[in-house]
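Turn these sequences into a full structure, and let the hints guide you.
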Amino acid sequence: MDFVGTALAEMTMPQISPLAGEPIERADAERLAGVLKALADPARLRLLSLIQSAPEGEACVCDLTAPLGLSQPTVSHHLRILTEAGLLEREKRGVWAYYRLVPSAIATIADLLTPPRKRATKKAR
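Under the UniProt record's numbering, think of the first position of the sequence shown as 1, with each following residue one higher.
Careful: at least some of the hints might be erroneous.
With beta-carbon atoms standing in for the labels, derived distance ranges [said to hold, decoys possible]: (1) C60 - P23: 16 to 24 Å; (2) A66 - R26: 15 to 23 Å; (3) G69 - D111: 12 to 20 Å; (4) G94 - P115: 41 to 49 Å; (5) L113 - A27: 31 to 39 Å; (6) P23 - S49: 27 to 35 Å.
No wet-lab data here; the hints were simulated from the structure.
Ideal placement from N, C-alpha and C gives every residue a C-beta, glycine not left out.
Next up, the structure:
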């Protein structure tokens, strides 16, 4: 399978969390804000949830329109935003496009938003 997407790790995400106690650089804040903006939409959050819970962890646009109650062009628009943010990968199969989550992207965001003390506690468990 040849999935296409901008992996979050390749997007040069900030190495320092905005919660680390040190000021985050402007460019890093802008990159992180762009990804968070992509997440800050109820339809997009539902899309991530629907794709993650789908059989084999992937879904076609045709499988996502009915559960969301949105038109195919609207669902495709939201999927494009999530793919450009590096949260989804896309694979074209004939006329259909299939999407799957980029687990490392979700983990990177969670890590950046977890205060360092909580991260240390979480890893020690």
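Which of the stated hints cannot be reconciled with the structure, identified by number in ascending sequence? 1, 2, 3, 5
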